[in-house]
Amino acid sequence: MDELELLKKDWKKATTEYKNYSDADIYPMLHKKSSSIVRTLYYISLAELGFWILISTLPYLFKSKFNEQMAESYKDPWFTTLSVLSFVIIFVFVYLLYASHKAISVTDNAKKLMEKILRTRKVIKYYVIYNLVMIFISIPFSLYLEYNQNMVFHDQIDAFNTKQMFVLYASVTLLTGVCLLLFWLFYKLLYGILLKRLNRNYNELKKLEV
Amino acid sequence: MNKELEHSFVEQLQKHQNIVHKVCRLYTNNADAHNDLFQEITIQLWRAYPKFRGDAKFSTWMYRVGLNTAITLYRKSKRRINTQAFDTVQFKIKAEDYDDTEEQQLKLLYQAVHQLNDIEKALVFLYLEDKDYREISATLGITEVNARVKMNRVKKKLKTILNP
Chain P
1 MDELELLKKD WKKATTEYKN YSDADIYPML HKKSSSIVRT LYYISLAELG
51 FWILISTLPY LFKSKFNEQM AESYKDPWFT TLSVLSFVII FVFVYLLYAS
101 HKAISVTDNA KKLMEKILRT RKVIKYYVIY NLVMIFISIP FSLYLEYNQN
151 MVFHDQIDAF NTKQMFVLYA SVTLLTGVCL LLFWLFYKLL YGILLKRLNR
201 NYNELKKLEV
Chain B
1 MNKELEHSFV EQLQKHQNIV HKVCRLYTNN ADAHNDLFQE ITIQLWRAYP
51 KFRGDAKFST WMYRVGLNTA ITLYRKSKRR INTQAFDTVQ FKIKAEDYDD
101 TEEQQLKLLY QAVHQLNDIE KALVFLYLED KDYREISATL GITEVNARVK
151 MNRVKKKLKT ILNP
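Residue numbers (my numbering), protein chains in the order written: chain P, 1 to 210; chain B, 1 to 164.
So here's chain P without its partners, still in its complex pose (with noise of 0.2 Å):
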């Protein structure tokens, strides 16, 4: 006989001996906490996009030296575009966040359920990314707007020879580099392990396509 219909006899035999709840059994557990991927994902989102506006927000609230500095840049058009820029990135990166969370739905099919999870956990992941172009770019910016604007630091810079100019090239790139090592091998880490098992079995079913 075919395996899996000896299987299904016994399947269909085996009804009675599972443990049978009671309704006192199940009302508890309609009110314990989740322990699924999608709550986790959605904390794990929330926490990054806190402290990347913390990362963003913190220097107007602790340094009065940099306040002046900023009330100074405001002035410039330019500056002032660029931040209410971020602001309104911000914000469509929240409402994205929340619109993917929002269509994650227990009662669509696995494989759609699957592809919500992972646009969710993109969405996340383009905030990140979009944090640390922003950061890369803007050092150098600063530097050279620095270099134009403080007299002093552009002294020290033009009485710069090759070889220290070579070190100052170097270090930021270095810098730069283990950062960024840095930020993927954490994303890497926390994302590798928590959708293993997703991505693995979204993959099976993508696999059947081709």
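It cannot be assumed that every hint is accurate.
Claimed, not checked - Simulated coverage check for chain B against chain P, where a stretch passes if three residues somewhere in it have a Cβ under 8 Å from a Cβ of chain P:
# : region
1 : 7-13
2 : 16-30
3 : 56-65
4 : 121-128
5 : 143-152
Unchecked claim - Under the rule of at most 27 Å between Cα atoms (straight-line distance), these lysine-lysine pairs were calculated in the DSSO-like manner:
#  : chain 1 : residue 1 : chain 2 : residue 2
6  : B       : Lys15     : P       : Lys12
7  : P       : Lys8      : B       : Lys155
8  : B       : Lys51     : P       : Lys116
9  : B       : Lys51     : B       : Lys107
10 : B       : Lys159    : P       : Lys12
11 : P       : Lys32     : B       : Lys15
12 : P       : Lys112    : B       : Lys76
13 : B       : Lys57     : P       : Lys9
14 : P       : Lys32     : B       : Lys156
15 : P       : Lys13     : B       : Lys22
16 : B       : Lys3      : P       : Lys33
17 : B       : Lys22     : B       : Lys121
18 : P       : Lys116    : B       : Lys76
19 : B       : Lys51     : P       : Lys12
20 : P       : Lys116    : B       : Lys107
21 : P       : Lys19     : B       : Lys156
22 : B       : Lys3      : P       : Lys13
23 : B       : Lys57     : B       : Lys159
24 : P       : Lys122    : P       : Lys196
Just so you know, these hints were derived from the structure itself, not from any lab.
As the structure is a computational prediction, the values presented were derived from the model and not from experiment.
Ideal Cβ placement from N, Cα and C applies to all residues, glycine included.
Chain P is fixed; fit chain B onto it per the hints.
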């Protein structure tokens, strides 16, 4: 939350709980993990319940939520170490229809099914529950043709596991 809703949900779940138990049986290896998964599926069912419309059968709806939870949402807890094989504890064949060869065969079969991956288990589950390919394809989000192809591969894989 609405008490009436809660009451009707618990009543229906209580009646159809075997479906959830069966999903747990395929996807877990021991009693602790079984209970964990049962708990998680119950939460997911309850959360989705307000949107459940009477036009689908409660049991059919449960298949989908149950499998989705097992395949995509459930995270196996690290605390759980396989302490004892669940099959040998809870599913002893009764003395009256004791048949050494068949019992042995079934034991091997269940072990083989446990070696399948999550998607393959889902196919086996729906097959064992007498679902047709239309429903299998709708539940997993693949085409009917692919569901058939996959099912044949699963059967072959089971054969290879059983007769290496």
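Each hint tested on the structure:
no. : hint                   : in the structure
1   : 7-13                   : holds (count 4)
2   : 16-30                  : holds (count 5)
3   : 56-65                  : holds (count 3)
4   : 121-128                : holds (count 4)
5   : 143-152                : holds (count 3)
6   : Lys15/B with Lys12/P   : holds, 16 Å
7   : Lys8/P with Lys155/B   : holds, 13 Å
8   : Lys51/B with Lys116/P  : holds, 18 Å
9   : Lys51/B with Lys107/B  : violated, 40 Å
10  : Lys159/B with Lys12/P  : holds, 21 Å
11  : Lys32/P with Lys15/B   : holds, 21 Å
12  : Lys112/P with Lys76/B  : holds, 22 Å
13  : Lys57/B with Lys9/P    : holds, 24 Å
14  : Lys32/P with Lys156/B  : violated, 41 Å
15  : Lys13/P with Lys22/B   : holds, 12 Å
16  : Lys3/B with Lys33/P    : holds, 19 Å
17  : Lys22/B with Lys121/B  : holds, 11 Å
18  : Lys116/P with Lys76/B  : holds, 21 Å
19  : Lys51/B with Lys12/P   : violated, 30 Å
20  : Lys116/P with Lys107/B : violated, 38 Å
21  : Lys19/P with Lys156/B  : violated, 32 Å
22  : Lys3/B with Lys13/P    : violated, 35 Å
23  : Lys57/B with Lys159/B  : violated, 34 Å
24  : Lys122/P with Lys196/P : holds, 15 Å
Hints 9, 14, 19, 20, 21, 22 and 23 from the list above are not met by this structure, while the remaining hints are.
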